[in-house]
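Chemist: Each chain, letter by letter, is given below.
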Amino acid sequence: METPIRKPLSARGDRLLLSFWIVLVASISVFLLVSAWMLLAPLVLGYLLAILLSPVAEAMDRRRVPRTMGAFLVLGSLATAIAMVVVMASPAIFHQIQDFRDHSPEYLRSAEEKLSGLMVLLGRLVPAQELDRARELAVRRLTSHGSPFDSLHDLLDVLPLLENAVLTLVVAFFLLARGSEIRRAFMLLVPNRYFEMMLRLLYRVQRQTADYLRGQCLDSIVNGILIAIALTVLRVPYAPFLGAFAGFANAVPFLGPLVGGLPAIALALVGASATPWWVILAVLGSIHMLDNLVIYPATVGGSLRLPAWVVILGVALGNHLGGVLGMLVAVPAIGLARGFVLELHENLRGFRIL
Amino acid sequence: MLAPEPSGEQVHPLWTDLVSRIRVGRPDRMSEWLRRVPLLEGTHRRHLSHLARILHRRRYEAGEVVFRQGDVGSGMYIVQTGRIRIVAEDPVRGEIQLSILDAGQCFGEMSLFDHGPRSASAIAHEDSVLFGLFEGDLDQLERTRPQAAVRLLHNLSLSVSLRLRHTNERLRDIEEGSARGPY
Numbered sequence: 111m112e113t114p115i116r117k118p119l120s121a122r123g124d125r126l127l128l129s130f131w132i133v134l135v136a137s138i139s140v141f142l143l144v145s146a147w148m149l150l151a152p153l154v155l156g157y158l159l160a161i162l163l164s165p166v167a168e169a170m171d172r173r174r175v176p177r178t179m180g181a182f183l184v185l186g187s188l189a190t191a192i193a194m195v196v197v198m199a200s201p202a203i204f205h206q207i208q209d210f211r212d213h214s215p216e217y218l219r220s221a222e223e224k225l226s227g228l229m230v231l232l233g234r235l236v237p238a239q240e241l242d243r244a245r246e247l248a249v250r251r252l253t254s255h256g257s258p259f260d261s262l263h264d265l266l267d268v269l270p271l272l273e274n275a276v277l278t279l280v281v282a283f284f285l286l287a288r289g290s291e292i293r294r295a296f297m298l299l300v301p302n303r304y305f306e307m308m309l310r311l312l313y314r315v316q317r318q319t320a321d322y323l324r325g326q327c328l329d330s331i332v333n334g335i336l337i338a339i340a341l342t343v344l345r346v347p348y349a350p351f352l353g354a355f356a357g358f359a360n361a362v363p364f365l366g367p368l369v370g371g372l373p374a375i376a377l378a379l380v381g382a383s384a385t386p387w388w389v390i391l392a393v394l395g396s397i398h399m400l401d402n403l404v405i406y407p408a409t410v411g412g413s414l415r416l417p418a419w420v421v422i423l424g425v426a427l428g429n430h431l432g433g434v435l436g437m438l439v440a441v442p443a444i445g446l447a448r449g450f451v452l453e454l455h456e457n458l459r460g461f462r463i464l
Numbered sequence: 089m090l091a092p093e094p095s096g097e098q099v100h101p102l103w104t105d106l107v108s109r110i111r112v113g114r115p116d117r118m119s120e121w122l123r124r125v126p127l128l129e130g131t132h133r134r135h136l137s138h139l140a141r142i143l144h145r146r147r148y149e150a151g152e153v154v155f156r157q158g159d160v161g162s163g164m165y166i167v168q169t170g171r172i173r174i175v176a177e178d179p180v181r182g183e184i185q186l187s188i189l190d191a192g193q194c195f196g197e198m199s200l201f202d203h204g205p206r207s208a209s210a211i212a213h214e215d216s217v218l219f220g221l222f223e224g225d226l227d228q229l230e231r232t233r234p235q236a237a238v239r240l241l242h243n244l245s246l247s248v249s250l251r252l253r254h255t256n257e258r259l260r261d262i263e264e265g266s267a268r269g270p271y
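Read top to bottom, the protein sequences are chains A and B.
Each residue of the first sequence is one higher than the last, beginning at 111 in my numbering.
Each residue of the second sequence is one higher than the last, beginning at 89 in my numbering.
Hints were generated in silico from the structure; no laboratory data involved.
Where is the CB? At the ideal position from N, CA and C, for every residue including glycine.
You may find that some hints are simply not true.
Using C-beta positions, here's what the derived DEER-type ranges look like [claimed, not checked]:
#1 B:Pro179 x A:Ala320: 34 to 44 angstroms
#2 B:Arg133 x A:Gln206: 55 to 65 angstroms
#3 A:Ser137 x B:Val238: 38 to 48 angstroms
#4 B:Ser137 x A:Ile207: 46 to 56 angstroms
#5 B:Asp215 x A:Val196: 56 to 66 angstroms
#6 B:Arg134 x A:Pro407: 55 to 65 angstroms
#7 A:Pro407 x B:Val153: 39 to 49 angstroms
#8 B:Gly204 x A:Phe296: 34 to 44 angstroms
#9 A:Pro417 x B:Leu241: 32 to 42 angstroms
#10 B:Asp215 x A:Val154: 47 to 57 angstroms
#11 A:Ala408 x B:Glu214: 32 to 42 angstroms
#12 A:Met198 x B:Leu241: 32 to 42 angstroms
#13 A:Pro301 x B:Gln157: 47 to 57 angstroms
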């Protein structure tokens, strides 16, 4: 019988030190995010947007378009495209929402019939009064008509989001137009001893972020389009919305594809679609397989390898900090923090500081 | 040996770029100087001014270490002013001086390609100013000015092959027992 090979003490020490670094950086990041989320959000989102759009600005730079003009054109085109989509698609969106609200009591009744066994069980566990109240609340939420903003207060709640959106665009503009100079100027503040290490670290982390972000966006878009087409062919109502939702949800590993497919299956279960739920499940499963085997490796590759428990914890923390946006941003942020720590550790060892 | 670039206003670019918007005109003067660097021979003037915006300008005091042998490397340096001593650190014989580089000469270019450990140490022999070009800068140059990047890589490969040829000749000399003194 072979004796198990014991890892040398230094290798175990390295792993211990690395774990310590990861915990330290993660704790500092979480603390900063919790305490200054509203301040950091536009900066982080602006940085991510600039990274995402930099290939377009660089392509313009290659064609001798000045960087400032290029940044203006890129962000202006993006803002115009979003505005056009919102303006042109909003009648269809409101029609679909209205349609869903009109049919929602019917869906709810159907769901109650299908889940009667479960309701009996729930009736034993939860007081009948509470169950009725929950049902009334669900019906009211699903069937409420009129403006999406019930009051001026609701409208004012949206203003910080708009402020953040504008700030995000401003940050992205400066980074696209003068990112190289800003980075170079900040590097002048770094002492000679650490200059090369810092430069290498920043470049590698930025490259990793850019690769992941662009790949993930492409993967989500392809997934969303495939699911929307498949659901349209299967005659599932609200297919474009369900495709868009599945595309967004796809950004969260493990949980995303599961959550993204649930609304379509739920609609089939309550009788909104003529196609049986198991056919929809099989088609969505096939698309997920195609994504796992072909699309994801081609677009994102293996840049973010996180254990499932980290993903679940990250999504929960993201939800607590920033709602749906926080959930979408959490997992990439954790992956990038991990990449940063690994790169930092490698650099500190490479430059013999550790 | 190239003449040093005339010194410009000493304003930190962080403030010149973001706040006062004062143009010190340094990139133009830099590109004029870069035109005379052998490594950048044949590079278009327009590309040189772009390169001048990419390069990192660093000052080193006499005796200050630019990089140490064995450190992870990610780029190369061009000497603008001053002199740089290249030394190999031998555990038995101590420091062996390989060469002293003057203005216009470059060093550390192998790490630009392989990102591997530095094969020798570089120490400022006197107060010096260096231009640094690193993997991220080369990557950016490839994306925004591919022609300039091709020219630079061509010149770099010429420089590396010349050094390799020289090393082969020295090795042959040593093997034949007729080494011509220190490198």
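Chemist: Which of the listed hints are not met by the structure?
Modeler: Of the numbered hints given earlier, those the structure breaks are 6, 8, 10, 11, 12 and 13, listed in rising order.
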